[in-house]
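Line by line, the protein sequences give chains S and B.
Per the UniProt record's numbering, residue 1 is the first one in the first sequence, and the count goes up by one each step.
Per the UniProt record's numbering, residue 1 is the first one in the second sequence, and the count goes up by one each step.
Keep in mind that the hints were calculated from the coordinates and are not lab data.
Check before you lean on any hint, since a few could be wrong.
Footprint (simulated), chain B over chain S, 3 or more residues, beta carbon under 8 Å [to be verified]:
hint, stretch
1, 67-73
2, 80-88
3, 96-105
4, 109-119
5, 167-181
6, 188-198
Okay, derived cross-link-like pairs now, DMTMM-like style, lysine to aspartate or glutamate, Cα gap no bigger than 20 Å in a straight line [unchecked claim]:
hint, chain 1, residue 1, chain 2, residue 2
7, B, K173, S, D29
8, S, K183, B, E68
9, B, K286, S, D172
Glycine is no exception: its CB is placed at the ideal position from the N, C-alpha and C atoms.
Single-letter residue listing:
Number of protein chains: 2
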Amino acid sequence: MGQKIKLGVFLMGSGHHIASWRHPHVQADASEDFRHYQEIAKIAEKGKLDMLFLSDGLSFNGLSHPAELVRFEPLTLLAALSVVTTHIGLAATATTTYNEPFHIARKFASLDHINGGRSAWNVVTSYYQTEASNFNQQSHLSHGLRYDRAKEFVEVVKGLWDSWEEDALVRDKAFGVYFNPDKLHTLHHQGSYFSVKGPLNASRSPQGRPIIIQAGSSEEGMNLAAQTADVIFTAQQTLEEAQAFYKTVKEKVIEYGRSPDDVKIMPGLSPFVGHTEQEAREKYQKLQELIVPEVGLDLLSEYLGGFDLSGYPLDQPLPENIPETNGNRSRRELLINLARRENLTIKELYLHVAGSRGHRIIFGDPEGIADQLEEWVVNKGADGFNLMLPSFPASLNDFVELVVPVLQHRGLFRTEYEGKTLRENLGLPEPEAQFDKRQIRV
Amino acid sequence: MGQKIKLGVFLMGSGHHIASWRHPHVQADASEDFRHYQEIAKIAEKGKLDMLFLSDGLSFNGLSHPAELVRFEPLTLLAALSVVTTHIGLAATATTTYNEPFHIARKFASLDHINGGRSAWNVVTSYYQTEASNFNQQSHLSHGLRYDRAKEFVEVVKGLWDSWEEDALVRDKAFGVYFNPDKLHTLHHQGSYFSVKGPLNASRSPQGRPIIIQAGSSEEGMNLAAQTADVIFTAQQTLEEAQAFYKTVKEKVIEYGRSPDDVKIMPGLSPFVGHTEQEAREKYQKLQELIVPEVGLDLLSEYLGGFDLSGYPLDQPLPENIPETNGNRSRRELLINLARRENLTIKELYLHVAGSRGHRIIFGDPEGIADQLEEWVVNKGADGFNLMLPSFPASLNDFVELVVPVLQHRGLFRTEYEGKTLRENLGLPEPEAQFDKRQIRV
Numbered sequence: 001m002g003q004k005i006k007l008g009v010f011l012m013g014s015g016h017h018i019a020s021w022r023h024p025h026v027q028a029d030a031s032e033d034f035r036h037y038q039e040i041a042k043i044a045e046k047g048k049l050d051m052l053f054l055s056d057g058l059s060f061n062g063l064s065h066p067a068e069l070v071r072f073e074p075l076t077l078l079a080a081l082s083v084v085t086t087h088i089g090l091a092a093t094a095t096t097t098y099n100e101p102f103h104i105a106r107k108f109a110s111l112d113h114i115n116g117g118r119s120a121w122n123v124v125t126s127y128y129q130t131e132a133s134n135f136n137q138q139s140h141l142s143h144g145l146r147y148d149r150a151k152e153f154v155e156v157v158k159g160l161w162d163s164w165e166e167d168a169l170v171r172d173k174a175f176g177v178y179f180n181p182d183k184l185h186t187l188h189h190q191g192s193y194f195s196v197k198g199p200l201n202a203s204r205s206p207q208g209r210p211i212i213i214q215a216g217s218s219e220e221g222m223n224l225a226a227q228t229a230d231v232i233f234t235a236q237q238t239l240e241e242a243q244a245f246y247k248t249v250k251e252k253v254i255e256y257g258r259s260p261d262d263v264k265i266m267p268g269l270s271p272f273v274g275h276t277e278q279e280a281r282e283k284y285q286k287l288q289e290l291i292v293p294e295v296g297l298d299l300l301s302e303y304l305g306g307f308d309l310s311g312y313p314l315d316q317p318l319p320e321n322i323p324e325t326n327g328n329r330s331r332r333e334l335l336i337n338l339a340r341r342e343n344l345t346i347k348e349l350y351l352h353v354a355g356s357r358g359h360r361i362i363f364g365d366p367e368g369i370a371d372q373l374e375e376w377v378v379n380k381g382a383d384g385f386n387l388m389l390p391s392f393p394a395s396l397n398d399f400v401e402l403v404v405p406v407l408q409h410r411g412l413f414r415t416e417y418e419g420k421t422l423r424e425n426l427g428l429p430e431p432e433a434q435f436d437k438r439q440i441r442v
Numbered sequence: 001m002g003q004k005i006k007l008g009v010f011l012m013g014s015g016h017h018i019a020s021w022r023h024p025h026v027q028a029d030a031s032e033d034f035r036h037y038q039e040i041a042k043i044a045e046k047g048k049l050d051m052l053f054l055s056d057g058l059s060f061n062g063l064s065h066p067a068e069l070v071r072f073e074p075l076t077l078l079a080a081l082s083v084v085t086t087h088i089g090l091a092a093t094a095t096t097t098y099n100e101p102f103h104i105a106r107k108f109a110s111l112d113h114i115n116g117g118r119s120a121w122n123v124v125t126s127y128y129q130t131e132a133s134n135f136n137q138q139s140h141l142s143h144g145l146r147y148d149r150a151k152e153f154v155e156v157v158k159g160l161w162d163s164w165e166e167d168a169l170v171r172d173k174a175f176g177v178y179f180n181p182d183k184l185h186t187l188h189h190q191g192s193y194f195s196v197k198g199p200l201n202a203s204r205s206p207q208g209r210p211i212i213i214q215a216g217s218s219e220e221g222m223n224l225a226a227q228t229a230d231v232i233f234t235a236q237q238t239l240e241e242a243q244a245f246y247k248t249v250k251e252k253v254i255e256y257g258r259s260p261d262d263v264k265i266m267p268g269l270s271p272f273v274g275h276t277e278q279e280a281r282e283k284y285q286k287l288q289e290l291i292v293p294e295v296g297l298d299l300l301s302e303y304l305g306g307f308d309l310s311g312y313p314l315d316q317p318l319p320e321n322i323p324e325t326n327g328n329r330s331r332r333e334l335l336i337n338l339a340r341r342e343n344l345t346i347k348e349l350y351l352h353v354a355g356s357r358g359h360r361i362i363f364g365d366p367e368g369i370a371d372q373l374e375e376w377v378v379n380k381g382a383d384g385f386n387l388m389l390p391s392f393p394a395s396l397n398d399f400v401e402l403v404v405p406v407l408q409h410r411g412l413f414r415t416e417y418e419g420k421t422l423r424e425n426l427g428l429p430e431p432e433a434q435f436d437k438r439q440i441r442v
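So here's chain S without its partners, still in its complex pose (with noise of 0.2 Å):
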């Protein structure tokens, strides 16, 4: 296999079991504890992971996940993340649907030149009425809407990021001259949704621009990602599914004139390690039998685009006439599709979302986990995986530990860092900057 495996560390408190704060091991408070993640960082550093990531949400989530009540602020988190870490890649959500370009693509170029190009912005829409009513709105954009609006979001952010060329800021002390005007591009964007005129106040990142990020499944999220995307975040079960997937993103990004491995596909997914695959599954129990039912039943209820369950048998399978979602649409169908294939009944699914948050569980020992990991990879279902630990930081250290070295041995995971930049990390060319071309055009 020529390229290897890719692996990203999906950041969350005490972890992404949703009842992880209970176990006694674990730190109830993890959340906004920033050694905590520093923690986390240093050994998924230790183990030579591609990125930290980090989800992110607007508002207060109701009974969700404790990880996600109270929580740090993605860019800021992530800023602090830079100073403690030298190469592991830092990744961080920013809706499109409340925010402004120009402050976006600041951002995360001012983090990027304070890690030195290990920056990457994962590209969200919002769909939670509750994010809404806290910037001013009655209710959200459609779902077609917010994905016009994040496409051309993008646009703008990547044209600011092009604003100054590589060599524009001589600082040449005995002219007196800071910057070469003739490097300097002034974007001038007028859209439907944005007027932005540049140019950026931050120069050239130092990775060409910072990694972007998507985790889209419905039509426009893969069109989307097809296009602007380096890394596409994405959910599926079953082998079979995440090969249908990868083939037509894949197809998707020949058309929109790019190299299939410009774009890496890397799925979630929840390993529950252990000696043997016996004491994987006891791990996993135990985690399972301190969810409290109804923050089970309120995070399936969400996950189906708000649905309530509570009138309905938890013995018994989901309702057929669960209605069509303004909100994540393929996260819905993906529940709804696992509980008829696998005959679910309501407190099964919602045991089963509360352990891997709607993302793929694997059991097994070292060496069971590295096949999994690398059957998909070989069968082109991914290439590779944003892992959803279901504890912090034990279930990081199990994986660093046992698993890493597994996947080095045969070659499947690198033994150092290829460079300084997350993009060489990832094994992505450096992005042409568009004002340069559109000069040689001239």
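Given the coordinates of chain S, work out where chain B should sit on it, guided by the hints.
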């Protein structure tokens, strides 16, 4: 003297003097070098200074100050500096004109959790046309409306910071209870500019809430500051002007039902320190000689509200007919008064402005500098100073190594930090949470 002098360091790339980047001992690309800021932070903390302060701008500012052309975004830079410091306060500017209160409340709350209660928010309004053009606007709001918006903005941010009572997050593992809903408060703000439901997804700040700084010297600016600020930055040139401002503001503070000690007034000050006053003046002269005339003239034009001076003879006084501005009115007025009072030519005025960016410049040996600081504080012109050091790190080193020991010896400045939070070190009282009070009233 009961209260010690408060001292802030105004961060700015290579230094405050506009030609500092040309100095042979100065790093010309300091404005985007994190290690440079880290070094400054460590020197300032060694000197037990109160805080580092970062101004901001949301646009490319033409020729004005090289340290402002490309630069770090304040919240990301200060989050990173949080990790390499332990006691010094970290103050970031964020405008109320092109931001949303939820984002600002959250980012400062996050920063405050990262650094254990050492954050401050410098509340400003935007007036540059170049900023408006980056945020979908043809022109900026008028002066009065900007302050109306700012006032409501601060009110919303403070309300969001009070979302969670200090002991709201119980995290009871045994009972599976993460928080006490009776201690979570939803803001439900509906105002002229903002509709923000809340609550904030960040717990109460380690210092109650982040420190609020303001710098407006207009009538609206002073009113807003007297009502809501903990610290006021200002720019008087003479002790008489400073005393008048100090008296007016402290009286307004009392009118709003607050104690005059609860607001610290800190004028900007650009100190040139030498082993002798002569050496200090030579340092100034050396930097003055490096000023590029077009840059100095452009900066002066900007400070006069965008009035184009390029047609006027440099060896004559300012023209009479400089129109009112919708920008920073008080700075314009200060400069016009200074030029009239000292009978300066345009060239002398731009040389003066370029040296200190419109702030007071003082020269002296360590005792002489200490005398000038003491004079203003004893005579109620200031509670402290925001140091606008001509070049980094040299001028900061001079101040910390030569002046701080003199101030300490006179009992005017701390020898150890009083506490862990910025609020403790500034000697400010714990803020009352608005929701707790309301509940007690019911």
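request  = List in ascending order the numbers of the hints, as given earlier, that are violated by the structure.
outcome  = Structure breaks no hint.
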